[in-house]
Amino acid sequence: MSAAPLAAPKPAPAHRLPAGAVAVGLLALLLAAAGLSLSLGASGLAPWEPLLRPLSPVEAAILYDIRLPRLLLGALVGAGLAVSGALMQGLFRNPLADPGLVGVGAGAGLGAVIAIVLGGALPAAIRAATGIYLVPLFAFAGGWAAVVVLYRVASLRGQTSIATMLLAGIVLGALAGALTGILIFLADDAQLRDLTFWGLGSLAGANWLKLTAAGPILLAGLALSVPLARGLDAMALGEAVARHMGVPVERVKRGAIVAVAAMTGAAVAVSGGIGFLGIVVPHILRLAVGPGHRLLLPLSALFGAALLIGADTAARLVVAPAELPIGILMALIGAPVFLWILLARRAVLEL
Amino acid sequence: MIRAGLIALFLWPALARAEGPARVLSVGGGVTEIVYALGEEGRLVGRDTTSTFPPEAAALPDVGYMRQLSPEGMLSVAPDLILLSAGAGPAETLETLGAAGVAMVTIPEGITPQAVAEKVTAVAAALGVPEKGAELNARIAAEMAAAQAAVAAEPGPAPKVLFILGNSGGRLTGAGAGTAAQAMIDLAGGDNAITGFSGYKALTDEAIAAAAPDVLLVMDRGDGGASEGATEADYLAHPALAATPAGRAGAIVRMPGMFLLGFGPRTPEAITALHGALFAKAR
Numbered sequence: 300m301s302a303a304p305l306a307a308p309k310p311a312p313a314h315r316l317p318a319g320a321v322a323v324g325l326l327a328l329l330l331a332a333a334g335l336s337l338s339l340g341a342s343g344l345a346p347w348e349p350l351l352r353p354l355s356p357v358e359a360a361i362l363y364d365i366r367l368p369r370l371l372l373g374a375l376v377g378a379g380l381a382v383s384g385a386l387m388q389g390l391f392r393n394p395l396a397d398p399g400l401v402g403v404g405a406g407a408g409l410g411a412v413i414a415i416v417l418g419g420a421l422p423a424a425i426r427a428a429t430g431i432y433l434v435p436l437f438a439f440a441g442g443w444a445a446v447v448v449l450y451r452v453a454s455l456r457g458q459t460s461i462a463t464m465l466l467a468g469i470v471l472g473a474l475a476g477a478l479t480g481i482l483i484f485l486a487d488d489a490q491l492r493d494l495t496f497w498g499l500g501s502l503a504g505a506n507w508l509k510l511t512a513a514g515p516i517l518l519a520g521l522a523l524s525v526p527l528a529r530g531l532d533a534m535a536l537g538e539a540v541a542r543h544m545g546v547p548v549e550r551v552k553r554g555a556i557v558a559v560a561a562m563t564g565a566a567v568a569v570s571g572g573i574g575f576l577g578i579v580v581p582h583i584l585r586l587a588v589g590p591g592h593r594l595l596l597p598l599s600a601l602f603g604a605a606l607l608i609g610a611d612t613a614a615r616l617v618v619a620p621a622e623l624p625i626g627i628l629m630a631l632i633g634a635p636v637f638l639w640i641l642l643a644r645r646a647v648l649e650l
Numbered sequence: 011m012i013r014a015g016l017i018a019l020f021l022w023p024a025l026a027r028a029e030g031p032a033r034v035l036s037v038g039g040g041v042t043e044i045v046y047a048l049g050e051e052g053r054l055v056g057r058d059t060t061s062t063f064p065p066e067a068a069a070l071p072d073v074g075y076m077r078q079l080s081p082e083g084m085l086s087v088a089p090d091l092i093l094l095s096a097g098a099g100p101a102e103t104l105e106t107l108g109a110a111g112v113a114m115v116t117i118p119e120g121i122t123p124q125a126v127a128e129k130v131t132a133v134a135a136a137l138g139v140p141e142k143g144a145e146l147n148a149r150i151a152a153e154m155a156a157a158q159a160a161v162a163a164e165p166g167p168a169p170k171v172l173f174i175l176g177n178s179g180g181r182l183t184g185a186g187a188g189t190a191a192q193a194m195i196d197l198a199g200g201d202n203a204i205t206g207f208s209g210y211k212a213l214t215d216e217a218i219a220a221a222a223p224d225v226l227l228v229m230d231r232g233d234g235g236a237s238e239g240a241t242e243a244d245y246l247a248h249p250a251l252a253a254t255p256a257g258r259a260g261a262i263v264r265m266p267g268m269f270l271l272g273f274g275p276r277t278p279e280a281i282t283a284l285h286g287a288l289f290a291k292a293r
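Top line first, the protein sequences correspond to chains A and B.
Read in the working numbering, the first sequence has 427 at position 128, and its numbers run on one by one without any break.
Read in the working numbering, the second sequence has 56 at position 46, and its numbers run on one by one without any break.
No lab work stands behind these hints, which were simulated from the structure alone.
The reader is advised that the hints may include incorrect statements.
[As the list claims (entries may be wrong)] Facing chain B, a subset of chain A residues (Cβ under 7 Å, in silico):
| hint | residue |
| --- | --- |
| 1 | Leu339 |
| 2 | Pro349 |
| 3 | Pro353 |
| 4 | Pro356 |
| 5 | Val357 |
| 6 | Ala424 |
| 7 | Ala427 |
| 8 | Ile431 |
| 9 | Phe496 |
| 10 | Pro620 |
| 11 | Glu622 |
Here a beta-carbon is modelled for each residue, glycine too, at the ideal position from N, C-alpha and C.
Extracted from the complex, chain A is given alone in its bound form (with noise of 0.2 Å):
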């Protein structure tokens, strides 16, 4: 941003596409990803036929307690990934940053893990209590245990180092890798199994009790980040410059660290492993509309959730009646995309 005018060889503004529009444009995306989502699915029902004709119970639970829940989880967890990316490369400073930075991905890994391989050996009160949520719960609450670790390794006298907390990030996920690699050793056939696709990410197993459980966690995540854009536009600058333009540097790392950890958390536990999202998603934005967060972080939210439904939406119907791992769509789909952009525009490419 502040260098543009003496680095980039094309001036990046000449790219930059009107902000309405792309709202408009994102918006309308966003709404015809939902129509397809709610009208595609393996048993060939339309979300109009309620109006027609009596649904039979089961077509009744296909629309209302499958694609409804999944829908609207798919659009929150889109959002959230997308945002918490977002969110990191401001932190950061890095076009490169993602949320597994800040150790929340191999936290909430091995929180899964732990939860999948050992969950047998857990006192039956702890088993009764969650049921089937076990997994989901011990991967928000691993995710949570790593950002509040790395947060105070990198916090000293009030002040918390961005340098430290990415180091630390780096060495806390290599441990978590480790104490992961070592359940999947004491793991049997079946757990290997599960935690295969667990990592693959998938909405497969969205319904009403988890999009209540993590959509509010997410929501709150993306209207904690809203206040967040002004001082992470001034950190940009550099946070010494930041702290002169009055803004409390401090306050916006930990809201940062707080609203990312949420989100990415409550994404990982109901939805599993779901990459690149967070980089692909803010990066097309910064080229379309520019850097600035005010416009970034809200379009984040809206294109995150159109191709995570988009993506969803393809992954159940391409190999119907069964479905494709969303986790593997999005790479597959997202690596080559971002891939062509960053060779056809890599000049422009700045925070």
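Could you slot chain B onto chain A? The hints should help.
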């Protein structure tokens, strides 16, 4: 194709008379195999990815892998009964299906001849054909008794058998106590060469040397060899395996995984085949 059509035509009157669920979704290779063995395949409207035997099952719509089922995919084949092998999931999907009012029956898994009979009884009861289940069980029990009598009559010493689950990059995975592989080796009159751990675990070269197996037992996918992962030469080229008695003698037995470890209607046949192969190779 024509043959399948003729069979369907032949079965039609029987189906029209049959009681019980008419549209059955079968999840789990072992369960699907039993449905076919009961002659009730006309009711099947779908299967999961692991249901690959008999080959005709492949023509049914595939609703995905049995541990990663999606609710709408399963409902799209409009089942009025879903047969689930134990371990099918995830639990959220099953809960959603239950809420949608679809009947589901979980068929227990097990690695004993007794468990085979229980599976058959459970599937037959769910399909409303208990007498066919009793018939099939009587047949399996007779075959099982014959197979076990042949094993018991074997005069030779029990060969030490090393079951190898996977050979990825030269690292071998063996089967310890409590595995279907060990159960089959025992039933076929062999001795599992691996002692001291349970489940499927990676083997060190030293453990392989200490196990000193007389025969190696490996799985193939049972699809004719074109897409097999490791060939017999690959196993014999493994330095630790090559040094064992089995490696020196080139004694490798290959069997289709589902046939060998499925614990279903074909298990007596598998015991006889494994027994014959183990003792022929060990000699």
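We went through each hint and held it up to the structure:
no., hint, in the structure
1, Leu339, "violated (10 Å)"
2, Pro349, "violated (15 Å)"
3, Pro353, "violated (15 Å)"
4, Pro356, "holds (5 Å)"
5, Val357, "holds (5 Å)"
6, Ala424, "violated (19 Å)"
7, Ala427, "violated (14 Å)"
8, Ile431, "holds (4 Å)"
9, Phe496, "holds (5 Å)"
10, Pro620, "holds (4 Å)"
11, Glu622, "holds (5 Å)"
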